[in-house]
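Two chains, two frames, a set of hints: combine them into the complex.
Chains L and X, in that order, give the protein sequences.
Read in order, the letters of the first sequence correspond to residues 0 to 149 in numbering that gives the first Met the number 0.
Read in order, the letters of the second sequence correspond to residues 0 to 156 in numbering that gives the first Met the number 0.
Worth flagging that the hints you see were computed from the coordinates, not collected in a lab.
Every residue gets a Cβ at the ideal spot worked out from N, C-alpha and C, and that includes glycine.
All clues stand as given, with none of them false.
To give an idea of the interface, some chain L residues facing chain X are shown, with a C-beta separation under 7 Å as derived from the structure: (1) V77; (2) A78; (3) A81; (4) P82; (5) G83; (6) V87; (7) D97.
Label pairs and their calculated CB-CB ranges: (8) D149/X to R139/L: 19 to 29 Å; (9) R74/X to Y96/L: 19 to 29 Å; (10) S142/X to V11/L: 21 to 31 Å; (11) A17/L to W27/X: 49 to 59 Å; (12) H43/X to P15/L: 52 to 62 Å; (13) V54/L to E3/X: 30 to 40 Å; (14) I94/X to E44/L: 36 to 46 Å; (15) G56/L to S57/X: 28 to 38 Å; (16) P90/X to G83/L: 12 to 22 Å; (17) V11/L to D149/X: 21 to 31 Å; (18) V54/L to S142/X: 12 to 22 Å.
Simulated crosslink set (EDC-like; lysine to aspartate or glutamate; CA at most 16 Å straight-line): (19) K57/L to D14/L; (20) K32/L to E45/L; (21) K4/X to E77/X; (22) K39/L to E134/L; (23) K4/X to D98/L; (24) K4/X to D97/L.
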Amino acid sequence: MDEPITRHQHPVVDDPDAVRDDWVSLLHELVHKCQSWAGKEWTAEEKMRPMRDSVLGKYEAPALFLQRDFTRVVLEPVARFAPGANGVVDLARLPTYDDVATLYRIGEEWKLHYVFRGANVVAGPRTAQSLPLNEAIFRRVLDEFSSHAV
Amino acid sequence: MPYEKLQWRTQIREVEHEYLNVRFGLDWMALATGAEVAAFILAHGLVEPPLGAFHDASVHLAATYLIRMYSVFERCVESYWLSWNAGAEPPLGYIVLDDVTGFLVIPYDAALAADRTRRLRNRLVHDNFYDAASVIDLAVDMSAILDYLDRLPSRWD
Chain L
0 MDEPITRHQH PVVDDPDAVR DDWVSLLHEL VHKCQSWAGK EWTAEEKMRP MRDSVLGKYE
60 APALFLQRDF TRVVLEPVAR FAPGANGVVD LARLPTYDDV ATLYRIGEEW KLHYVFRGAN
120 VVAGPRTAQS LPLNEAIFRR VLDEFSSHAV
Chain X
0 MPYEKLQWRT QIREVEHEYL NVRFGLDWMA LATGAEVAAF ILAHGLVEPP LGAFHDASVH
60 LAATYLIRMY SVFERCVESY WLSWNAGAEP PLGYIVLDDV TGFLVIPYDA ALAADRTRRL
120 RNRLVHDNFY DAASVIDLAV DMSAILDYLD RLPSRWD
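This is chain X alone, in the form it adopts within the complex (with noise of 0.2 Å):
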């Protein structure tokens, strides 16, 4: 089956434009008041979540989306390196992305960026979510791996 970088990078704007809802949507709960919010949830007939974890939920939002994009990345790059090692077993994250950076000649600061996005994911995932996730800028690390993809062609199988 082709692959088709437009469409990996398509799935990563959809999961930033699913982000920049949901941000939407808890800022706006930020601005409200107490009473607003108690209003509102009476008015429509919600389910009143457990607003102690507001302010979490708002500082680790950006983490929340940047494991979901970094996996797209991932399969991305994946694929790409299947293309030329077919049924073969991909190895670490790290050694694909450095193989394909390899074979890509891909300049040193842009593999440099998307192994630092690699790097952060990583411990989110497998280290201290929580001490990680407070510092991430979301729109810094997708630039770095939409950077990384915009390396690889246009298309391959």
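The following block holds chain L by itself, in its conformation from the complex (with noise of 0.2 Å):
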């Protein structure tokens, strides 16, 4: 039996290292500015993770841990390529990851989409869900996790 298959096609790139190499320098450009954002009160640890990819191979990414009070939540590379967008990064809180947001690299711009208290749990990241990645963005996120942990 002749079964389709998915109608996504499976990312072509001519220079896998060079798609690589500039996807972990934005990771650690997003990095930084997380950081920066969280402020002085969120402790920061930046870790490589290993990342194996289909297209990019085997490689290392840097994520994000952060911590306030007995808040922990982690900034973590997932994929390169996602219909749609050049790249997707969760922020997720520790341990259970129950409370994700996700980021979305859409054309030069971070979006993120995050179901806020009393939002359309349907709602999905190409809807009015998905908000430019800013500081205040970050920070409410930040807090509503915090508020989730309590």
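So this is what it looks like as structure tokens:
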């Protein structure tokens, strides 16, 4: 039986090494920005996370651990390739990962998708729930994580 | 009715736990001698199974449970698809998967791994179970569908 394959085409890149280096560099930039936005009340630690990608191969990418009181959060790279996005990063509350905001690299901009309390739970990343990532939004998500942790 | 991702994950895990129990039983039998099996059957008043099928039962076990596991996954993805296509008739499985992948911007590798499991499950159900069943690594396919499930929101209506 001839099964149809997913309609989302597997990404093809000419120079995977260059794409991987650009991606890791973008992640470093993102990690440093988020660390600065979190401010001094959050202790921060950057760590390299092993990654495996069917296009880019095995590599390491920066992740950021944040802690304030008993709230622990990780900013963690997920993948470089996704339909309509040039990168996916999770911002998740630890240890359960049940509270997750996702950052999508759309064009040259990071967009944050998070279901804030009371929002429509069905909304997808391409709806109005996607917000441009900035300090105010980032800190709002951290605050909401903190309030859920109590 | 709201759907909780955790409930779907739990159902998949429960299928895995059932599999591990049956796997344990079969492995136990495989380690026993014919005389031990016969003595066990006699001692406990059990009905002797058709032991000629023992080897096939062992080789095909993972495939049998993969079909059940994928069925939970498929219902989960379909229910999410319905959450923003209320009242619509869900299309074929691969279209539902593609729609959700696009809607949630699910990474290619996660989508491809889940799609690979879908194709494998379809080969088992619709094509040639015996050819496909012997090469299944349930842990790999379970990981593929759980990774995909991770990209769904915690809850939907």
